[in-house]
Amino acid sequence: MAIQFLLALNRQGKLRISKWYANIPESQKRQLIRKVHKLISSRDHQKQSNFVQFENQKLIYRRYNGLYFIICCDLASKDNELSYLEVIHLLVEILDVYFDNVCELDLIFNFYKIYEVLDELILAGELQETSKDLILNRLHYLDALS
Amino acid sequence: MSSLKTFIKSVRNSKTIAAERAVIRKESAKIRTSFRDVHLDEERRKKNISKLMYLYILGEPTYFGQVECLKLLVSPKFSTKRLGYMATMLVLDENQEILTLLTNSLDNDMKNSNQFIAGLALCTLGNIASPELAQDLYPNVEKLLGSHNTYLKKKAAIVAAKLVEKNPDLSELFLPKVPALLNDKSHGVLLGVLHLIKSIHLNDESSHDRLITFVPRILAHLRLLTTTGYSPEYDVKGIPDPFLYVSLLRTLRMIMANVEESDNLEALNDLLTQVCSKLEGTKSAGFAVLYEAVQTIFVINSDSSLKILGVNILSKLLTQRDNNARYVALNTLLNVIEYEPLAVQRHKSTVVSCLQDWDISIRRRALELTFAIMTQQNIRVLTKELLTFLNNTDEELKPYITTQLSIACNKYSPNFKWHFETLISMMKVAGNYFSDDVLSNILALIMQHDDRALTTHLTIELIRASEKYYNEYGLVLVTIWCLGEYGDLVLGSTYEQKDSKKTKSIKESSLVDLLQVFSNISTFEKISQANQIKAYTLTTALKLSSKFKDRGAIESLRKIITKAMHDSHLEIQVRAIEYNEIFFQPASVKRGILEKMPPPPVKQREGVSLLSRSTTLKTKGSSSSSGGNDAGNSGNLLLDLLGEDIKKDASPEETKKHENTMDLLSDIFGSISVNQQQQPPAPAKLQKPASQNDKIIDLFGSSAASSSPSPSPALSIPKPLPKDNEIQAYSDSNINFVFVIKENSGNGFALLEARVQNNSASILSNLSVLCAVTKQQKLQLSSISNTTLSPGDSSTLNVKITGNPGSKLKIRVKMGYNKAGQPVNKQFDFNAGGKTL
Chain S
1 MAIQFLLALN RQGKLRISKW YANIPESQKR QLIRKVHKLI SSRDHQKQSN
51 FVQFENQKLI YRRYNGLYFI ICCDLASKDN ELSYLEVIHL LVEILDVYFD
101 NVCELDLIFN FYKIYEVLDE LILAGELQET SKDLILNRLH YLDALS
Chain X
1 MSSLKTFIKS VRNSKTIAAE RAVIRKESAK IRTSFRDVHL DEERRKKNIS
51 KLMYLYILGE PTYFGQVECL KLLVSPKFST KRLGYMATML VLDENQEILT
101 LLTNSLDNDM KNSNQFIAGL ALCTLGNIAS PELAQDLYPN VEKLLGSHNT
151 YLKKKAAIVA AKLVEKNPDL SELFLPKVPA LLNDKSHGVL LGVLHLIKSI
201 HLNDESSHDR LITFVPRILA HLRLLTTTGY SPEYDVKGIP DPFLYVSLLR
251 TLRMIMANVE ESDNLEALND LLTQVCSKLE GTKSAGFAVL YEAVQTIFVI
301 NSDSSLKILG VNILSKLLTQ RDNNARYVAL NTLLNVIEYE PLAVQRHKST
351 VVSCLQDWDI SIRRRALELT FAIMTQQNIR VLTKELLTFL NNTDEELKPY
401 ITTQLSIACN KYSPNFKWHF ETLISMMKVA GNYFSDDVLS NILALIMQHD
451 DRALTTHLTI ELIRASEKYY NEYGLVLVTI WCLGEYGDLV LGSTYEQKDS
501 KKTKSIKESS LVDLLQVFSN ISTFEKISQA NQIKAYTLTT ALKLSSKFKD
551 RGAIESLRKI ITKAMHDSHL EIQVRAIEYN EIFFQPASVK RGILEKMPPP
601 PVKQREGVSL LSRSTTLKTK GSSSSSGGND AGNSGNLLLD LLGEDIKKDA
651 SPEETKKHEN TMDLLSDIFG SISVNQQQQP PAPAKLQKPA SQNDKIIDLF
701 GSSAASSSPS PSPALSIPKP LPKDNEIQAY SDSNINFVFV IKENSGNGFA
751 LLEARVQNNS ASILSNLSVL CAVTKQQKLQ LSSISNTTLS PGDSSTLNVK
801 ITGNPGSKLK IRVKMGYNKA GQPVNKQFDF NAGGKTL
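Those sequence lines, one after another, are chains S and X.
Residue numbering for the first sequence follows UniProt numbering, beginning at 1 and increasing consecutively.
Residue numbering for the second sequence follows UniProt numbering, beginning at 1 and increasing consecutively.
The set of hints was computed from the structure by calculation and includes no laboratory data.
Any given hint could turn out to be false.
As the list claims (entries may be wrong) - Here are the simulated DSS-like cross-link-like pairs (lysine-lysine), alpha carbons at most 30 Å apart as the crow flies:
#1 X:LYS428 / X:LYS283
#2 X:LYS15 / S:LYS29
#3 S:LYS47 / X:LYS348
#4 X:LYS810 / X:LYS775
#5 X:LYS504 / S:LYS78
#6 S:LYS113 / X:LYS15
#7 X:LYS185 / X:LYS417
#8 S:LYS19 / X:LYS775
#9 S:LYS132 / X:LYS278
#10 S:LYS35 / X:LYS810
#11 X:LYS111 / X:LYS26
#12 X:LYS316 / X:LYS237
#13 S:LYS19 / X:LYS9
#14 S:LYS38 / X:LYS348
#15 X:LYS596 / X:LYS504
#16 S:LYS78 / S:LYS47
#17 X:LYS417 / X:LYS348
#18 X:LYS468 / X:LYS428
#19 X:LYS283 / S:LYS78
#20 S:LYS113 / X:LYS5
#21 S:LYS47 / X:LYS384
#22 S:LYS47 / S:LYS14
#23 X:LYS9 / X:LYS30
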């Protein structure tokens, strides 16, 4: 069940965001990210599907310009891959409005804000809210509080 | 102290990796030092923690900041608290002991009247809940589930689901909260409570009856969603909240998977039809819902018309340009074919067209599906496609195709001529991607046919094909073998050459030439393959020598053998020397030795799955077949015992050895069919066949076997006559296995008695019987009444099966016993003559 982890990597494999929902030892995370990048970056953007089996898991990814957003979920739970693809898109759409035309630099300098967005969208590896407007309102409100 | 922004900039501006490392190390050291300062003010701590988070993203160690994060989140200031919690979620995980320090803060904050503070605490608990935290804090979560605030309710529901995962006992506590939450209109709360239901379902089996009472509410939400037109708030490309759709369907599917007839089921059937018809023709987000709906159709007890609709939707997805849709459609079809083979077969052309896809994961799935939909009716068409595919495909798929195709041909081929021609075409293009099993299977098949005209035709075809494709290992091997066995049949025939269209007649000398070509091929990938070809060539040369009349040709054959007497490979050298001896034996002796091989049985094999094991191709069935059938394996084992250095290659001569030892084997196992004297002894064992046998017999310490024909003692025991309700499940010379159906009332329950009788003349000990039924059924086994059986004795055990009424009664039985100190294992399937529960 649920999302195991979510990554944002650029094409060179530099990590921009990593959020781990499954309990994975710190020591393995680096290696995992390297493997994921190797696998994803070798795939053809146009002609191949956005799903790929990865060890006992499944990666669902989407590329936006030079940036990959990757969700990893358990293979056995037979999660709906197409739906996760929409989750990624929803996240990116929210980021796009929130940062007013999001680009990789936003992710680099405002990485902590991405985590704030993620915490409103996904909780414990589960989608918690699907309304874009609701999330954005909430985020603006939270920012005003700070 | 510099700001976070400056730190990020300086990392980014570093020209080299070394410079970057230096910047990071320096900053990391600074942060560490500042954390040691007991009077660190909150602003600086905040700054340092945000840098610590950046270090985390860079993959640097951050453990030294863990306590500081916890210090930060007790701050009364919201922005500071927020940063503290955020950093805590990143640098801590549920394994850390330090987490216990968090309990108090979480407890306080969850009680805070400010929804955002309580929200932060909930979020943190959800993301890094350890079993201890779950135990300490569940009352807070329970309270928040009853709050009036949707923001907190939705978070609390997901956290509750997570806590149930950590501690299943908590489901009792959260279950009463579900109905109220299900009445909420907010999609967020609904998603949360659906997730809670799923989690309870997965972690607490006893909850099923209570969960099923929620179904009408969930159905109502689904109905509402299908009737909703445009909803701006939740719209994703024209679909009103596909995520909620997916979650509703998935939850219903889980709860209702085993529900028989009920109003709810009917309502769900109707709704699924509505969902499917409403979303047909939509794009990406719609596919996600359709995909979920189709999966649901095949899990619940849906109408057959709905199932067909499901397959049609999948086939529509297959024709999409969207790779993702094709991928999930193929995946689902692979699961569905079990239930609706006919409906899937109707879409075979769509499936086959996916073989040409660019994406290998799609090709791979399409390939597996192609084999799955193969039947007697469509095998010709599909095989044609597969052979084209085989020619251009990736190497890793080739062994899979050759294995599967030969299995499929065994099962479905319309006639033998077509079967052989398909196999030849396959060998022409498959290169070396054969498992030994496939090759020996092909040989067995050829030998089983005593239609001379067909065999002649086949051998000519082989000669013709191998002339051109002499680099194809499998083809050459089979050709050489057939030359040795059937070389005399084709003499004088003519055939048209592949390239020049010239007619060529087959003479003794031309066969010799061909053999010479084969023995000199050195282009095979592996040296072992070239050696195997050589070994086969030798045997064939020897065999032909007794069939040929032309002195010149015979002399050339002898030269092939004598040449190999100096081969650097020991096995070949030994064989050549032995053959040279036999070569000059009188014709009568030779004829006996070189007689045609008796046909070995064709192994029945089950298909292999590509996705679970793509490279290692094993056949399932062979290992469980009886000792006599397992000529290759047990023969080899025996020869190993005798200290023979035998490779896996089953050349004619070696097969003969196997054959011979196999007979001994079956003798040892008490088989009836053996008659040693009619079998020509293997050439290699020419000198002392009798002592050889003795040796083997000694090894097994059995007195039953002897090299003279003797009627098996098994014959003396009359087989019990089958009575009513008694169905014979399995029988061989040792064991007679009968199922007696004692009770089968048609209400989903059956009581059977399994009776095992010893048919052999010796004592069978350590008898064990294991049974398995399909996943949908449950099975109870009593212990076996007697584990040691004297000849004629029998032993019983009771088998209770419960399942859906009307489902097929099917049992897989695994049986093991010791006979004369040797363990024997059998496996077979029992289908009760089509009886149902």
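So, going through the hints one by one against the coordinates:
no.: 1; hint: X:LYS428 / X:LYS283; verdict: violated, 44 Å
no.: 2; hint: X:LYS15 / S:LYS29; verdict: holds, 26 Å
no.: 3; hint: S:LYS47 / X:LYS348; verdict: holds, 23 Å
no.: 4; hint: X:LYS810 / X:LYS775; verdict: holds, 11 Å
no.: 5; hint: X:LYS504 / S:LYS78; verdict: violated, 60 Å
no.: 6; hint: S:LYS113 / X:LYS15; verdict: holds, 27 Å
no.: 7; hint: X:LYS185 / X:LYS417; verdict: violated, 68 Å
no.: 8; hint: S:LYS19 / X:LYS775; verdict: violated, 37 Å
no.: 9; hint: S:LYS132 / X:LYS278; verdict: holds, 24 Å
no.: 10; hint: S:LYS35 / X:LYS810; verdict: violated, 44 Å
no.: 11; hint: X:LYS111 / X:LYS26; verdict: violated, 41 Å
no.: 12; hint: X:LYS316 / X:LYS237; verdict: holds, 19 Å
no.: 13; hint: S:LYS19 / X:LYS9; verdict: holds, 23 Å
no.: 14; hint: S:LYS38 / X:LYS348; verdict: violated, 35 Å
no.: 15; hint: X:LYS596 / X:LYS504; verdict: holds, 27 Å
no.: 16; hint: S:LYS78 / S:LYS47; verdict: holds, 24 Å
no.: 17; hint: X:LYS417 / X:LYS348; verdict: holds, 25 Å
no.: 18; hint: X:LYS468 / X:LYS428; verdict: holds, 9 Å
no.: 19; hint: X:LYS283 / S:LYS78; verdict: holds, 21 Å
no.: 20; hint: S:LYS113 / X:LYS5; verdict: holds, 14 Å
no.: 21; hint: S:LYS47 / X:LYS384; verdict: holds, 26 Å
no.: 22; hint: S:LYS47 / S:LYS14; verdict: holds, 24 Å
no.: 23; hint: X:LYS9 / X:LYS30; verdict: holds, 17 Å
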